[in-house]
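Novice: Given the sequences, and given the hints that come with them, work out the whole structure.
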Amino acid sequence: MRVLLTIVRPGAQHDEHKNEGTLSLSGGHDVPFRIVRQEDASALQQFLGRCSERTIYLRFFGSLNEFTEEKAQYFAHVDGVDHFAYVALDPNEQNDIIAIVRYDREPGEEKAEYAAIVQDSWQDHGIGIALTRELIEVAWGKGIRSFYAMVMGKNKRMLELLRHLDLPEQEHQEEGVKHVEVMLSPK
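Residue numbering for the sequence shown is 1 to 187, as defined by full-length UniProt numbering.
No lab work stands behind these hints: they were computed from the structure. Just so you know, not all the hints are guaranteed correct.
Within a straight-line C-alpha distance of at most 35 Å, the following computed DSBU-like cross-link-like pairs (lysine-lysine) qualify [as the list claims (entries may be wrong)]:
hint	residue 1	residue 2
1	Lys111	Lys154
2	Lys71	Lys142
3	Lys71	Lys18
4	Lys142	Lys154
5	Lys111	Lys156
6	Lys18	Lys142
7	Lys111	Lys142
8	Lys156	Lys18
9	Lys18	Lys154
10	Lys156	Lys71
11	Lys71	Lys154
12	Lys142	Lys156
13	Lys111	Lys18
14	Lys111	Lys71
Specialist: The following block contains the structure:
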């Protein structure tokens with residue numbers, strides 16, 4: 001399933017991003033988050049090792065026999081403009097990543113690819129949506145006006161995450177891949 005999330009925020013002038021913060025989640029969890037760092041490559045490999053095969057399959061459209069150091073370095077790289085990611089950290093083990101949301105765009109484009117993955121034991125607590133809202137603020141400040149992503153039809157959690165943004169959306173399906181477009185409005 002493929003999802004196209006388009007962000008249109010008239011009037012927003014947010015250009016600075018948070019380096020770190022705390023997400024207050026359902027169930028009383030306060031989860032720290034921060035910008036991903038280059039030195040997180042190993043922690044990202046460990047994070048994906050804690051995710052179930054199903055979670056990996058739904059995010060990457062297949063299994064990850066090996067999440068190489070090269071791939072880990074790519075996911076840990078951000079430039080703060082065209083490539084940006086937040087990681088959520090386990091409140092009890094703050095070296096353990098429990099979620100990541102990311103966008104990547106070609107320089108000068110107003111749209112960016114969006115992706116998210118949450119460790120199984122932390123799913124259904126609101127981490128994905130809370131972290132995505134933080135990412136949207138950064139993206140808008142960097143001139144990004146739309147996110148797009150591919151989401152399998154089976155990936156109900158990702159589709160619910162996008163719907164819980166409470167924004168108008170359009171969607172269509174093509175060969176088992178759902179395309180969703182979400183228009184943002186000013187807060």
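Novice: Checking each numbered hint in turn, tell me which of them this model violates, lowest number first.
Specialist: none
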